[in-house]
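Q: Chains B and R are the protein sequences, given in the same order. Take 1258 as the starting number for the first sequence in the working numbering and just add one per residue. Take 15 as the starting number for the second sequence in the working numbering and just add one per residue.
Don't read these hints as lab results, they were simulated from the structure. Hints should not be assumed to be uniformly reliable.
The following residues of chain R were derived to be distant from chain B, with all beta-carbon distances above 10 Å [stated by the list, open to error]:
hint: 1; residue: V22
hint: 2; residue: V31
hint: 3; residue: K52
hint: 4; residue: N73
hint: 5; residue: L82
hint: 6; residue: L97
hint: 7; residue: N105
hint: 8; residue: V150
hint: 9; residue: G304
hint: 10; residue: S523
hint: 11; residue: L551
hint: 12; residue: L559
Computed spacing ranges between beta-carbons, pair by pair [what the hints assert, rightly or not]:
hint: 13; chain 1: R; residue 1: V440; chain 2: B; residue 2: G1951; range: 41 to 49 Å
hint: 14; chain 1: B; residue 1: K1914; chain 2: R; residue 2: G290; range: 32 to 40 Å
hint: 15; chain 1: R; residue 1: S176; chain 2: B; residue 2: D1754; range: 41 to 49 Å
hint: 16; chain 1: B; residue 1: D1754; chain 2: R; residue 2: L531; range: 47 to 55 Å
hint: 17; chain 1: B; residue 1: F1286; chain 2: R; residue 2: L94; range: 47 to 55 Å
hint: 18; chain 1: B; residue 1: R1287; chain 2: R; residue 2: S54; range: 37 to 45 Å
hint: 19; chain 1: B; residue 1: I1489; chain 2: R; residue 2: L94; range: 53 to 61 Å
hint: 20; chain 1: R; residue 1: E323; chain 2: B; residue 2: A1316; range: 34 to 42 Å
hint: 21; chain 1: R; residue 1: G290; chain 2: B; residue 2: T1760; range: 54 to 62 Å
hint: 22; chain 1: B; residue 1: D1754; chain 2: R; residue 2: S54; range: 51 to 59 Å
hint: 23; chain 1: R; residue 1: E323; chain 2: B; residue 2: G1493; range: 35 to 43 Å
hint: 24; chain 1: B; residue 1: R1287; chain 2: R; residue 2: E323; range: 51 to 59 Å
hint: 25; chain 1: R; residue 1: R45; chain 2: B; residue 2: H1511; range: 35 to 43 Å
For the chain B half of the interface with chain R, some residues (derived, Cβ under 10 Å), not all of them [said to hold, decoys possible]:
hint: 26; residue: I1492
hint: 27; residue: G1500
hint: 28; residue: A1878
hint: 29; residue: D1921
All figures in this text were calculated on a predicted structure; none of them were measured in a lab. All C-beta atoms in this analysis are idealised placements derived from N, C-alpha and C, irrespective of residue type, glycine included.
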Amino acid sequence: MAKNPVWTQEIILGAVVQSFVKLHPKTQFRNFVMFCVFLCSLGLTGVVLVSAVQRNISAFECNTALWLWFTVLFANFSEALSEGRGRAQAESLRKTRTQGVARIIQEADIGCATPHVTHKSSAELVVGDLALCESGDLIPGDGEVIWGIAAIDESAITGESAPVIRESGGDRSAVTGGTRVSSDRIIVRITQAPGDSFVDRMIKLVEGASRQRTPNEIALSILLVGLTIVFIAVIGTLPIFFGYAATESHLGSHLSFAMLASLLVCLIPTTIGGLLSAIGISGMDRLIQRNVIAKSGKAVEAAGDVDVLLLDKTGTITLGNRMASRIVAGSPESESQLTRAAYLSSASDDTPEGRSIVVLLKNSKGKEVLTLNSEAGDALKFVPFSARTRMSGADAGGSEYRKGAVDAVRTWVESKGGKVSAGLLQLADQMASQGSTPLLVAQDNQALGVIELKDIVKGGIRERFAQLRKMGIRTVMITGDNPKTAAAIAAEAGVDDFIAEATPEMKLERIRKEQKEGHLVAMIGDGTNDAPALAQADVGIAMNTGTQAAREAGNMVDLESNPTKLIDVVEIGKQLLMTRGSLTTFSIANDVAKYFAILPALFITLYPLNPEDARSGVLGALDIMKLSSPESAILSAVIFNALIIVALIPLALKGVKLISASADVVLRRNVWIYGFGGIIAPFVGIKAIDIIIGSFLGGAL
Amino acid sequence: MPWSSPYVLTNWIELAVFFVLLITLAPLLARWLIASIKPSASEASCFASLGVDLKTEMNWKQYSLALLFIHLIGAGFLFLLLLTQGSLPLNPMHIPGMSWDLALNTAVSFVTNTNWQAYSGESQLSYLSQMLGLGVQNFLSAAVGIAVAFALARSLAREKTSELGNFWFDLWRVTTRFLLPMAALFAVFLISQGVVQSFDPYVTAKTIEGTDQVIPLGPAASQVAIKQLGTNGGGFFGVNSAHPFENPTPLSNFLQLLAILLIPAAIPLVFGRMSGHQRHGRMLFGVMLGLFTATLAGSLYFENMANMEGKEVRFGVFDSALWSSVTTVASNGSVNAMHDSLMPGTGGLAMFNMQLGEIVFGGTGSGLYGMVLFAVLTVFLCGLMVGRTPEYLGKKIGGREVIATSIGILLPSLLILGFTALACVVPAALAARTNSGPHGFSEILYAFTSGAANNGSAFGGLSVNSVFYNVTLSIAMVLGRFGVILPVLFIAGSFAKQKTIPPSAGTLSSTSVTFALLLVGVILIVGALTFIPALTLGPIVEHLLLPTGKKF
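Produce the complete structure using the sequences and hints provided.
A: So this is what it looks like as C-alpha cells:
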C-alpha cells in the first residue's frame, strides 16, 4: 500500500463520472447545504425551460442555471476524487483476496510430520479451523500461528517487500489473510470469519463504505444547517421587503427567482458544505498513505485532541539496539591487545551490537584496525552467540577471543585459570548502574577490558518532543529499565515523564490516571498484555506484527509497525480539524464580499434618484466594486462561488499546512490566511470574473 | 468634529466620568452580587418549615421548569390584574381595565424583561397595576436573567454533576439581597431630584394660556429605579425618561444612564469569578465595553448633524445619542428622546445593537448568557482552526451544544425577519406606520427587533396598540426569551456533566486579545450577514437619501 496510486488519469475520469452519478437526489439529500443548491439548480432549470417554451429565454438565467449546476457538480467531484483514491487502493487489496484453497488439519495432528489434510475453500472457513501453510501458500484467513515459525511476505498489505517473521506464542503470532508464506511451515488457527477479515475491513474503510460521520463533523454540519436556515429566512423574506420598497418607490418590479437563487447559493456555506466529506475521507486517506489503518474516523479525530503520548522507549525513542559507545582497557599496557581482541571477536559478528563494536573501533583506532583486518583473514573462526554461553567471539592464531556478559566471561576466564581484576569489575558495575550494558572482553585466560553498550537516542527525537510540547502534548516514556537508567535516557531524549520497570498493568493504570485528570491519551503497543491498555487509551495503535488480541483492542493498526507513527497520527488528526475550521471560516468570510456584489445589483431599481432612469437607485452607492452590470455582478458572484470549490479541492485533500507552535500562534496564522483572506479573496475574484464576463458576454447579458 | 458641532467640552467630560464610573463600579457590584448568594443554614431551615426547598440543587430540566413556572404564574397574574384593574383599589383616576390583547402584550412584555409599551402609563394603568403588577415583574424578570447566568457559571466550575443550583434560592437572594436594596437607594436619590412618588390623584393646573393641563402623578420613583437597574425600561409615563417627573435633572439623567449599564456590566465579572475563569470574565467585559464604545462613537457621529427634532431640549443631542446607545446595547429600552427622530444612522445602529442579540452588556444576566453563546460559537470555529475538538473553558463543544447554540443565536433573528415580513404584507399592520418609504419600514423592523431581542425600546411612530401588533409582538417576546434561556440551560446541563479538560499549550486561549477580536468579528459578521439586507432597505437607504433631499 506504500505504492499508492497518485492522481492517475483513471481516478480523475472516474471522479468526473461519479460527479454525475452523485446527482441522485438521495445522495444529495445527505448534505443539507448542497441539497439546497441542488434544489435551486432544479428550480432555475425549470424556470429556464418554461421561458424556452415561451420563446423568451434569457442569457442571464441560462448562465446562472448552468453555474449553479457546476456548483453541485464541483462539490460532487471533490467527494468522488477523495473516494477515488481509496477505491483504487481497495481494488489492489481485493486482488489479494483471491479465492484460495485451505488445507485443514485436525487438532490432534499438530506437530505431526505427515498430518491428515482435508481441502476447503477459503471462503468457507469458520473460526477455529486449523490451516496448514507452507512455503509459497497464501494464508487463507486472519488468524494466529499456533505452531511453527515462518517468514511471511506481507507486501500485499504493507507494501514492504522484506518478509517478516511470524511464530507461535509470543507477540508476533498474528497473520493476515492474503499474505504469503515465503519459507518454512506454520499452522494457523483462523480467528476471523471470511468477509470480516482484516483485509475486508480495510477495503470497506478505504472505500468509504463504512464511513460514519465523526462527532466533530456532525457538530459542524449542524452549524452549517443552522446558518443555511438563517440564510433561507433572509432570502425568503427578501422578496417581501423588496416588494414593500418597490411599492414605496412606485415600481412594479419584483425579484426574479434567478436572483434569489443566486443570492441564496452564494450566501449559504457551499465552500465548506461541498468539501466537508472530502476533507474527512482524505484525512483517513492520509493515514493510509503512512500505512496506518484507522478503524473509525472518530479515532482520527480523537488523535487531534490527544495531549499525552505514551511511548515505548525501544524503537520509538531509542534505536532498537544497544550500540558500543566506549571501550576501556583494564590497564594502559593492555590497550592495544584489547583493541585486537575486541576487533577479532566482533569482526564476523553480524548482530547489531557486534557491528557497532567494529564501527566504534574503526572510528577511534582506524589505522590499527586496518592492519588487523588483513591479519584476521581466513584464519578466523567465528564463535556465534549462544544462550548457554552468553558469549560470542572468534578463534584465531591459536588464541580464543571472547566478549560477552560480565559474569559469563568471568566464569570462562576463571575456568581457564585466569582472574578478572577488581578494577574491571568495578568499571563494569559503574556502567551498569548508568543504564549501559558492559561487555567483558577476554583473550584466553586474560580479561582485557570492557566495552560499554549504550541505548542510543534517535537523532532528531528531542526536537520532535520539543515541537510536541509547543503544541501542548506531553510525552511519557515507558521502559522496562530500572529507574536510574530510565531517568538518564528520559533526560537525554527530552521526554516529559517516564515509567520505569513498566508492566502492562502500570501502563493501564497510568492511562486511567491521565484520563481521570481530563487528558486524552494515545499509545502504541503490540503484545497481548498491551491489549487492555490499547483498549483503554483514547487512541490505541496496534502494530501489525503484534498479536491478534492487540490488533483487535486498538482503534488503529500500523502496518509498518513503526512506533514513531504515533506522532504522525496525532498530526494528521490535528490537520483534519484545522482544515475543517479554516475552510468554514473562509466560507463564511466570503459572504461579506458577496453581499457587496449582489445586494446593490438586486436593489438598483429601488428608490430611484432619477425617475427616468430605472437603474438610478440610491443603493447603487453600495456598489463599491463598480461591477459592469447588475446581471454580471450576480453571475460573477455565482461563478466565483463555484470555482472556489474547485480551487480549494487540493487544500481539502492535502490538508492545511501544519506548523508546530502553540495554539495562539496557529490560530493567528490561520485567521490571517483564511479569515482575512476569506474576506479579501472574493472582492478580487468577483471583480476579475466580472471583467472577463464583461469582455465576453457583455452584450448577451 | 466640525466647528458647528453641537457637542461641547462638558459633554466629553460627562462621557469620561461615565466610563470611569462604569469601569470602577462594576467590580464592586460584582462582589456584592456574589456575596448575596452566600448560603445560610438558618434561612434554609426557615424556608423548609414553610415547605419551600431552597437547598436541594436542581438539574437543568428542574431549573428550567421552575423558571417556566414563575414566568407562567407571573404572566397569568399580571394579565388578570390588567384586565380587572378598573374594579380594583389604588385607582384614583378610575382607569378602566385593558383590552385582552393589550393586557396580554403588557403581561408578556414585563415577565420577559422586554417592557415593550403598547400603552401609555398615565392613561392606562392604575397605581395598583404599576406597583403590584409591573413593579414586581421588574424585579423578578431581572433576577431570573441573573439566576440563569449563575446556573451557567456554576456548570463551568463543576464537573460530572447534573446540579446547577437551586432556582428559588437564586431568585430569592438576587431579589432581596441585591436588587431591592439597590433599587431602594436609587429611588431615594431619584426622589431627591424631583421624581414624583405619590398616591394622590392627578393634578389639574391652569397654564398661562388659560387652558387646563392635567399633571399626572403616581409612585414613579420606586418604579423608575428598578426600571433602569433591572434593564427593564418600561416607563412610568408614556414618554418614559423624557418626562420631567421621570427624569427631572441632568444629574438624574446621568445616573439613570449609569444605572442601566451597571448590573449588566457587573455580570460578566460575576460569571468570571463564579466559573473560576476570572480573566475570561474580564475579557467578556472588555469585548462588551469595546462594542459599546464603537456603537456610541457611531451614534455620536451621525447625531453630529444636529437634528433637534424629537429630542428633549433639557438634555440636548449629546445626551440623547448617549442614551439611545446605552438603552439599546443594554436590553433596557427606556428612552429620553424619540428614536423615530434620531438620524437614520443612529436609528440603524440602535436597531443593529438589538439585532446582535442584546449581548453588548445586554439585559441583567441575559446579556452575559447571550454573549457566552457567541463565545461558544467562536470557540467552535477557532478551536477547529488550532486542530482540536473545540472546548469552552475546558468543556467540549459537540453536536448537542452546537444545536443549542445555533438555536439561541439564530432564533431571535428568524423571529425578527419573519414577523417584519408578515407585517409588510398585512394591510392593517402597514397602516399603523406614520411614515412611508424606508422610514416606515424601519418603524416596523424596529418594533419586532425590540420585541424579539427583549429590549422594549420603541422607535415611536408606529401605532402598536392593535390586535396584530399586540399578539405578534407577544409571540416574538416569548420565543425571544425562552428560545435563548432554554438552550442556555441545556448547554449548562451538558457542561456540568462533562469533566473539565485541563488547559495546555495546545488549548485555544479564551482570554487572549486574539480571541477577543475574533469574538467581536463573529458577533459582527453573524449580525451583519443576517440583517444587512433588511437594514439596507431601511436606515441605509434613508441615510443615503438624506443628502439628496428626496422623500418616498
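Q: Please go over all the hints and tell whether each is borne out by the structure.
A: Each hint tested on the structure:
With a least beta-carbon separation of about 33 Å from chain B, V22 of chain R lies farther than 10 Å from that chain, consistent with its non-interface assignment. Once the 10 Å rule is applied to beta carbons, V31 of chain R is consistent with being away from chain B; the minimum gap is 36 Å. Non-interface call for K52 of chain R relative to chain B: holds, since the shortest CB-CB distance, roughly 29 Å, exceeds 10 Å. Chain B leaves N73 of chain R outside its interface by the beta-carbon criterion, the shortest separation being 22 Å against a cut-off of 10 Å.
L82 of chain R, annotated as away from the interface, keeps every beta carbon of chain B farther than 10 Å; the closest lies near 24 Å. At the 10 Å boundary, the C-beta of L97 of chain R stays outside the reach of chain B, the nearest C-beta of that chain being 34 Å off. Listed as outside the interface, N105 of chain R is consistent with that label: its C-beta sits roughly 42 Å from the nearest C-beta of chain B, beyond the 10 Å cut-off. The Cβ of V150 of chain R sits about 36 Å from the closest Cβ of chain B, beyond the 10 Å cut-off, so the non-interface label holds.
The claim that G304 of chain R lies off the interface holds: its Cβ sits roughly 18 Å from the closest Cβ of chain B, which is beyond the 10 Å cut-off. Against the 10 Å criterion, S523 of chain R falls within the reach of chain B, whose nearest CB is about 6 Å from its own CB. Non-interface call for L551 of chain R relative to chain B: violated, since the shortest CB-CB distance, roughly 5 Å, does not exceed 10 Å. Annotated as non-interface, L559 of chain R brings its C-beta within 10 Å of a C-beta of chain B; the closest such distance is 6 Å.
Hint check: V440 of chain R to G1951 of chain B, Cβ distance near 43 Å, so the stated range 41 to 49 Å holds. About 35 Å separates the C-beta atoms of K1914 of chain B and G290 of chain R, a value consistent with the hinted range of 32 to 40 Å. The given range of 41 to 49 Å is broken by S176 of chain R and D1754 of chain B, whose C-beta atoms sit roughly 34 Å from each other. At roughly 36 Å, the beta carbons of D1754 of chain B and L531 of chain R sit outside the given window of 47 to 55 Å.
Distance hint check: the CB atoms of F1286 of chain B and L94 of chain R are about 50 Å apart, consistent with the given range 47 to 55 Å. At roughly 57 Å, the beta carbons of R1287 of chain B and S54 of chain R sit outside the given window of 37 to 45 Å. In this structure the supplied range 53 to 61 Å is violated for I1489 of chain B paired with L94 of chain R, their Cβ-Cβ distance being about 40 Å. Against the hinted window of 34 to 42 Å, the Cβ-Cβ separation of E323 of chain R and A1316 of chain B comes to about 50 Å, which falls outside the hint.
A hinted range of 54 to 62 Å for the beta carbons of G290 of chain R and T1760 of chain B is inconsistent with their spacing of about 37 Å. Evaluation of the 51 to 59 Å hint for D1754 of chain B and S54 of chain R yields a failure: the beta carbon distance comes to about 46 Å. Distance hint for E323 of chain R and G1493 of chain B: a CB-CB separation of about 36 Å, consistent with the stated range 35 to 43 Å. Roughly 57 Å separates the CB atoms of R1287 of chain B and E323 of chain R, a value that falls within the hinted 51 to 59 Å.
Distance hint check: the CB atoms of R45 of chain R and H1511 of chain B are about 59 Å apart, inconsistent with the given range 35 to 43 Å. At its closest, the beta carbon of I1492 of chain B sits 8 Å from a beta carbon of chain R; the interface hint therefore holds under the 10 Å criterion. Below 10 Å, beta-carbon pairs count as interface contacts, and G1500 of chain B has one with chain R at about 7 Å; its hint therefore holds. At its closest, the beta carbon of A1878 of chain B sits 6 Å from a beta carbon of chain R; the interface hint therefore holds under the 10 Å criterion.
At a threshold of 10 Å, the smallest CB-CB gap from D1921 of chain B to chain R is about 6 Å, leaving the interface hint in force.
In summary, the structure is inconsistent with hints 10, 11, 12, 15, 16, 18, 19, 20, 21, 22 and 25 from the numbered list given earlier, while agreeing with the others.
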